[in-house]
Structures are given as structure tokens and as C-alpha cells.
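Sequences and hints are given; from them, build the entire structure.
Counting the sequence shown from 1 gives a position; this note's numbering is that position plus 9.
Do not rely on the hints blindly, as some may be mistaken.
Stated by the list, open to error - Straight-line C-alpha distance at most 35 Å; calculated DSBU-like pairs for lysine-lysine:
(1) 46 with 139
(2) 115 with 183
(3) 200 with 177
(4) 115 with 44
(5) 44 with 139
As the list claims (entries may be wrong) - Label pairs and their in silico Cβ distance ranges:
(6) 95 with 186: 18 to 26 Å
(7) 191 with 73: 18 to 26 Å
(8) 197 with 294: 40 to 48 Å
In case anyone wonders, no lab produced these hints; they're calculated from the structure.
Beta carbons are placed, not taken as given, at the ideal position from N, Cα and C, and that holds for glycine.
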Amino acid sequence: MAAAATQASRASDDVKKLSTVMLDKNSNLDGIIPKFKTKDEEREYLKHRLAQAFRIFGYMGFDEGVAGHITMRDPIDPHTFWVNPFGRHFSSLRSQDLLHVDHSGKILEDSGPERFLNKAAFMIHSEIHKARPDVNCAAHSHTIYGRAFAALGIELDMLTQDSCAFYKDHVVYKEFHGVVLDEEEGVAISKALGTKKAAILQNHGLLVATDTIEATVHFFSTLEHSCQVQLLADAAAAGRGIKPVSIPDHDALNTWRSVGDIKGAFYSGLPHFQALERRELLFSPDLRLDATNFGARHGCERAMFI
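Following this line, the structure appears as C-alpha cells:
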């Protein structure tokens, strides 16, 4: 009886633990995201933020030739999205370079001057944005450790606090038929992703989809680094004739409730933008000037460059 009571007590503690979230779910982002007078202002802000996200990816080495793309749902016409033009390095992109695309693949008139659309970007991201109205930003790229891990065709093990951000919240898409150039493959990837935030595309790369640009940048970086950590841990353990120690399910779930939280991921993404601003202030004043002028025009200097 005593043992049963102890087990019941522990179960009760687990329920309390799992229902505890570090961030208040009713908290808002006032003072972080500017308030806009018009939807046009909001669009301009988000385009600048998306261009910054590309430059962050570029500086982190998340590029591979013309492969890789980040998309942002348009706040005025949510049935369209913004994406990088084909053939431009991530680190060189500004908001005026971005392409505005509808779900038929048409490049709209307010797009940048280099109107070359990456067909694979369209096929993958269009289907995700159509299927997931909660997704405002999606990122896919062929990163080094993401590709290496994707070649294994397995899900992440919950080896660290950071990898728990993807506890039962990522999938492995186990099909590979070459470059995604048809609608059918895009639909299949979107269906495999389902309601989760991330996918490991076997023999291909990584995919992350969330509600904000900042959260997408954070989770993509975390996913890439989690792949790297597992590859290192598996190799080190194999050399010692042991296996890495995985986090138990109940602890992984509890950790996911905090580090996997979308709203918390927004804040976790902000340091990437801070570092970008600092780097560009010192080494790329032309990019900094472009962004600063935007912030001054719309009174959101603190929000843009927190």
C-alpha cells in the first residue's frame, strides 16, 4: 500500500510538473513587435525581418549554392508569400530583393527586380502555407549536419535539453525522389509535416515551420545543432562501446513544454537578430543604414533592433 501511495504521489507530481509552463501563455509581445498604423507598414517590417533572417542564415553557413529558402506569409494577402530570388546568396539579401508569389506560382508586380523563382521553394512552401494557416514562416536548407543526419533516416533522440524542443514535434519524411519539382512531392512533404514544427527530409535536409520569423530562425538553428550533437555523441559513445544517455519521456515532455514553446522561441530568436545588427553595424554599414532608415520611418527602432 505504501509503495502504491508513493507511486500515486509521484504520478500526481508529474501531472503538476507537466502542466507547468515557464512562459505565461497569455503574455503578449508589446514593446517587442511594433504596432502598425496600416497593413502596408506591417508588410514592410516583416519583409525587412525576413531579409535579416536570410542574412543570419548566410552568416551561420546555412547556404549551399542555390539551395535553401525561407518564406513569409503576406500580412495583406495571406494566400501569397514572400521568398528569396533564385541565385542570390543569403547574406546579400535585402527586403527589396524578395519575391512576392501566389499559390499558382505567379511572381507578383511588387516583387524585386531579379524575378527568378526557385521551383523547389515554390513546390514545398506553397503547400505548407496552404495546409497550415498557423504557419507564417517556413525555412528549408541543406545544412551540413542536417544533411548528414538526414542520411540516417531516423528521428532525433532526446539527448539534450535543446533537442527536447522537438520531442514528438518532428517527423522524418522518408521519401527522396530528387529535387522537388512537382506539386505531388510538395503535397507529400506537407502531409508528412502535419501539425508539427519540423521535418527531417531523408537524404535532403531540414525543414522548420512556425508562426514567426524569429521562432523559425531559432528552431532551425536548434534543429541543425541538435543533429550535430547527436552525430558527435553517437560517434563518441561508439568509440567507448556504450550508447548516449537519452532523456526519459516524461522529462522530455516537460522540457518540450518550455523549450518547445512557440512564444518562447520568438524571444530565443531575438539574439540572432541582435548579433546580426552588431555585425552589420561594424562590418556592413550599408545594410545597417538600410534597416535603420526603415526603423526611423516607422518609429520601431527598439522593436527592429532589440
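Here is what the structure says about each hint:
no. : hint                     : verdict
1   : 46 with 139              : 27 Å, holds
2   : 115 with 183             : 30 Å, holds
3   : 200 with 177             : 16 Å, holds
4   : 115 with 44              : 30 Å, holds
5   : 44 with 139              : 27 Å, holds
6   : 95 with 186: 18 to 26 Å  : 21 Å, holds
7   : 191 with 73: 18 to 26 Å  : 22 Å, holds
8   : 197 with 294: 40 to 48 Å : 45 Å, holds
Consistency with the previously given hints is maintained throughout, with no hint failing.
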